[in-house]
Structures are given as C-alpha cells and as structure tokens.
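A.B. asks: Model the placement of chain B on the given structure of chain A, informed by the hints.
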Amino acid sequence: MDDNLRREIILENYQNPDNRGLIDDDSYLKVNTNSESCIDNFDFMMKIEDGTIKDIRFDGEACAISTSASSIMTRKLIGKSVDEVKKILTNYKNMIEEKDYDEDILGELNVYDHICKQPNRKNCALLPMVSVEKMLGELENGK
Amino acid sequence: MNREDFPMLDNNIVYFDNGATTLKPKCVIDEMNKYYMEHTSNIHRGDYDAALKTNELYDNVRNIIGEFVNADPNCCIYTSGTTMSINMVVFGYMRKHLKKGDEVLLNKAEHASNILPWIKLSEEIGIVIKYVPLNKDYSLSLDNIKKCVTKKTKVISLAQVTNVIGDVRDIKSIGKYCHDNNILFNVDGAQSVPHMKVDFKNSYIDFLSFSGHKMCGPTGVGVLIGRYELLEEMEPVFYGGGMNNYFEEDYSYELKSIPTRFEAGTPPIAEVIGLGEAIKYLMNIGMDKIHEQEVKLKKYLIDKISNIKNVTVYNKTSDSGILALNVDGVFAQDLSVFLNKYNVCVRAGNHCAKMLKDEMNIKNTVRVSMYFYNNFEDVDKLIEALKNNKEIFNVII
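Chains A and B, in that order, give the protein sequences.
0 is the number of the first residue of the first sequence in numbering that gives the first Met the number 0; add one for each residue after it.
0 is the number of the first residue of the second sequence in numbering that gives the first Met the number 0; add one for each residue after it.
In case anyone wonders, no lab produced these hints; they're calculated from the structure.
Careful: at least some of the hints might be erroneous.
Cross-link-like lysine to any residue pairs, in silico, SDA-like; alpha carbons within 20 Å at most [unchecked claim]: (1) 356/B <-> 42/A; (2) 171/B <-> 152/B; (3) 362/B <-> 115/A; (4) 340/B <-> 115/A; (5) 53/A <-> 115/A; (6) 389/B <-> 5/A; (7) 356/B <-> 34/A; (8) 389/B <-> 105/A; (9) 135/B <-> 145/B; (10) 255/B <-> 3/B; (11) 389/B <-> 311/B; (12) 380/B <-> 43/B; (13) 362/B <-> 60/A; (14) 340/B <-> 3/A; (15) 353/B <-> 3/A; (16) 116/A <-> 353/B; (17) 353/B <-> 42/A; (18) 116/A <-> 255/B; (19) 389/B <-> 42/A; (20) 146/B <-> 176/B; (21) 356/B <-> 31/A.
Here are some chain B residues the structure puts well away from chain A; computed CB gaps all over 10 Å [said to hold, decoys possible]: (22) 40; (23) 98; (24) 118; (25) 178; (26) 330; (27) 333; (28) 349.
Just so it is clear, CB atoms sit at the ideal spot from N, CA and C, and this is done for glycine as well.
Pulled out of the complex, with its shape left as it was, chain A reads as follows (with noise of 0.2 Å):
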C-alpha cells in the first residue's frame, strides 16, 4: 500500500473515529482494555444477536493507531458472524506479528501491515482485537 494512502486512512479513522461513544444499554457485552505496555485505555461494548455481531462501541484515551485500529475494526466487524469475526481477528493478528495472513479477508486493515517495524506500537494497534476477543470469551464462558 502507498504510504501516503495509509497515513491518510489512519489519520482519518483517528481524527473522525466510526463508532466512537458509549451508551447506556445492558444488552451490550463490555470490556475495559488498559493495555499492559502502554497507556492504551478503551472501553468496549458490543451487541450480539443470533451469531451476529449488531453493533459495538467504544471510547477512552488512547494514540493514534489504537483509535484508528478500533474505528477501522469495528466498521469491518458489525454485521459478520461471530465465526466470521474470528478468522478475522485470527488474520490480523498474524499480520501484526508478521505471520502468513490472508490480505483479502482484512481490507482497511491492511493499513497496520507495517507496524512491525515499530515494535512498541504493535499493542497498539492489537487493542481493539484483543478487546473482542475478550468479549467473545466471556460470551462462550456465559454459554
């Protein structure tokens, strides 16, 4: 991908985040991610019916790739299926740590296929995945 296409595609998705907000509802799954290496701090919800995800949400204080990457992330998400969601999530994380991934799967998540080469802000950009996934464990844990 262009650098410059890439930079204006995380600067976008980090100055006009999609998703960005929470509201007041106990239907939602929610997830706090304080993130161990940095200081990253969102807060997740996310609805799920019948096997699909219908929305999610999130909000805190955190840089730049980790805004983009949940702007960028839950646009890709809403409206997958759960199983969807996870060879999704599978195919990110591989980017980031630089293991075989299919490009096709992930689109505008492309964008982070980079970020190896800064190492400290390879959490950054696994935030919002991690914080899916933790919400997907607590909802086959609840099963």
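C.D. replies: Relative to the frame of chain A, chain B by itself:
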C-alpha cells in the same frame, strides 16, 4: 556539565527521562565491573582476599549513604529500591503499630508506591486514608495538611519531590509539625535525594526511601533509612539466610541486629558497591550545584517553550527539573513517539501517579525530566522538535 563521564551520551541522544532512571557514569560501571572481574564473592562469609575486599566495599557504602543524607549508617538498610523500602515501612512497621480507624494522610500527586501499599494495609487492618487537597499549582502546603489532621492521624506519608509536577515539599516544616504532634513522617525521596541536599536527621523524618538507579547508580538497589528506635520495632518482611543468629526445632530463633536483620538472602552486591560509587560521584559534584543546574535548565526551557502556541505546560512554577506538557489535540504517547524520531527521550503517560488526574483533569502527559548532565543544547533540540509538531502524524504514521 560532566557529560564526558556518561558513555550513553555518545549515542547522540537527548536524554530527558531522568525521572524514570538516570544514565550511569563510567566510574560506577567500572566499579561494578571490578567486582565481577576482580573480586566476585559473597559477603560476610568468606575468609579469602576477594571476599574481604568485597565485605569492606559493601559495608562502607552505609557510611557513604550516612554522610550523603546525614543519617546513622547503621540505620541505612539496603533494599531493591524505593518501592521495596516503602513496602517494608508499611508492612513491617505500620501493620504492627496502626489499628483500625487510624488515619494516614496522603495526597493525589503521589506515586503508586506511596499509595497502593497503604490501600492494601487498609484492606488488611482498616486504616483510613485521607487525601490532602493540593493547591491550584498542584503543590502541597502545610496549611492544607494541618486542616486534614485529626486526633486519629497517625502518619503523614509523602514524596519530597513529586514525579509529575516536580514540586518540592517543605519537608523540614512538615517534619517538625509531625514531630510536635506525635505523627509519624514517611518520606519518599526517590525524586529528591538524587537532585538536592537532603538531611535525614534535621528534617524530623522517621522513614526515608530512595532508589539507586535514579541517581547515577545501578538498578536493583535502593535504601530505607529509619530512626533507630523505630527500626527496632520494625519486623522484617523477608526471612532467611544472613539475617538470623540461630533457629531451632522448638521454633525458637533470634534475628541479627539492625540493619542486617532486614537484608535476608544474598543482596545485590555489585549494585550496592555501584551505588556507593554513584553517591561519591554526586557528592563530588555537589548537590547544590546539581539542583542549581536543573532549575536553570527548566527556566530556559520554559522561556523557550512559551513561544510555541499549541503546547500546554502544567507545572511552570515547580522548583525542579521536571516539566509536564502536552501538545493540543495530540495524545501524549504519540508525542513521545514523535520526539523519539529526533532522538529526544521522554516519557508519556500518567507516570504511576494515577490519582493526579482527579486534580489536573488530565490523565496523560509527556514528562521532560532533566539532570545535571543535560545542557542548553539539549533543550534547544527539544524545542526544535516541538516547533515541528504540525508534522507529527506524517512522522509517526
């Protein structure tokens, strides 16, 4: 000043993260290397030449510390750092001497290591923690402390210099007040002892803690100093070799005298020796000179930074080398990543003072913390980088 003593400065960096840890002068590194290369041995057990030399160096560091902060060398306990020292005070002394309902005065600018142990103790025995309100500039006054004191106040615990705001608390006046009112005075010296002259005996301090690595010494070593009669009443947190006279099948045991009874197990020998060398190095420069240089640098930095419109500084008036700032609309960590591109090393975050947000209404800042080896050129490089902050996202993404 003294830049030539620091090998790390050969790497073309501007090191402004001294509040986290300082660089090490070559003399400290050499002294530790000597222990590893020439006289490796354990302490207090060997009768061979290397062990005798190690003993002599290791034991003498207590004298160096005593001279440095005007304390009885026998009351200087080697620890792993300030965090361990404060935990020893809280769980070794306070747990035994405080009771349910007793009040401990803290404030919200304190580092986690001077809040969390107290919260844990409260969970265990029901002490009550009260937070003394800060002034508008986030400093702490004796007047505000006095307003919070009740008949139940048993302890006042505070940092002499806070690690985000960098305000210098008047510990002599606070100590005198504690002394006159029968209140124990616990001082976190992690950000003060490395930067200014601290006088344990004449400041009415009951317990003083500090870390070696924040004062040109190695990581893994620190100091707890206590008044002798309090240390006699303090229980060790750790038990094992080196700190006992005997132990028997009938459960009886006897501990060694102070300070050895608080130093179970093999201590960080090279680090203690390195700390001694670091203190000698600092005393040689002179603590007043060190403080003077830091304040001069901060003043210069503030003069320069006020010309950059979109930079907010939170602690212009504090009398130390610490500056907390943000660039409008930029997350603190993004700014620190940006500054790294200019080889400027700073720290972004809440700096372990997680309650300070209640007073400042801001969670995260970029902290510039200076030491005597920083110079005006370092400040100029930071200013140059900050002036280019419009470029931040082109640089970091």
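A.B. asks: It remains to establish, for every hint, whether it holds in the given structure.
C.D. replies: Now the hints, each set against the structure:
{"no.": "1", "hint": "356/B <-> 42/A", "verdict": "18 Å, holds"}
{"no.": "2", "hint": "171/B <-> 152/B", "verdict": "19 Å, holds"}
{"no.": "3", "hint": "362/B <-> 115/A", "verdict": "28 Å, violated"}
{"no.": "4", "hint": "340/B <-> 115/A", "verdict": "17 Å, holds"}
{"no.": "5", "hint": "53/A <-> 115/A", "verdict": "31 Å, violated"}
{"no.": "6", "hint": "389/B <-> 5/A", "verdict": "18 Å, holds"}
{"no.": "7", "hint": "356/B <-> 34/A", "verdict": "18 Å, holds"}
{"no.": "8", "hint": "389/B <-> 105/A", "verdict": "31 Å, violated"}
{"no.": "9", "hint": "135/B <-> 145/B", "verdict": "17 Å, holds"}
{"no.": "10", "hint": "255/B <-> 3/B", "verdict": "43 Å, violated"}
{"no.": "11", "hint": "389/B <-> 311/B", "verdict": "15 Å, holds"}
{"no.": "12", "hint": "380/B <-> 43/B", "verdict": "49 Å, violated"}
{"no.": "13", "hint": "362/B <-> 60/A", "verdict": "9 Å, holds"}
{"no.": "14", "hint": "340/B <-> 3/A", "verdict": "19 Å, holds"}
{"no.": "15", "hint": "353/B <-> 3/A", "verdict": "37 Å, violated"}
{"no.": "16", "hint": "116/A <-> 353/B", "verdict": "30 Å, violated"}
{"no.": "17", "hint": "353/B <-> 42/A", "verdict": "17 Å, holds"}
{"no.": "18", "hint": "116/A <-> 255/B", "verdict": "54 Å, violated"}
{"no.": "19", "hint": "389/B <-> 42/A", "verdict": "29 Å, violated"}
{"no.": "20", "hint": "146/B <-> 176/B", "verdict": "12 Å, holds"}
{"no.": "21", "hint": "356/B <-> 31/A", "verdict": "18 Å, holds"}
{"no.": "22", "hint": "40", "verdict": "38 Å, holds"}
{"no.": "23", "hint": "98", "verdict": "35 Å, holds"}
{"no.": "24", "hint": "118", "verdict": "18 Å, holds"}
{"no.": "25", "hint": "178", "verdict": "39 Å, holds"}
{"no.": "26", "hint": "330", "verdict": "5 Å, violated"}
{"no.": "27", "hint": "333", "verdict": "5 Å, violated"}
{"no.": "28", "hint": "349", "verdict": "7 Å, violated"}
When the structure is compared with the earlier hints, violations turn up for hints 3, 5, 8, 10, 12, 15, 16, 18, 19, 26, 27, 28 and for no others.
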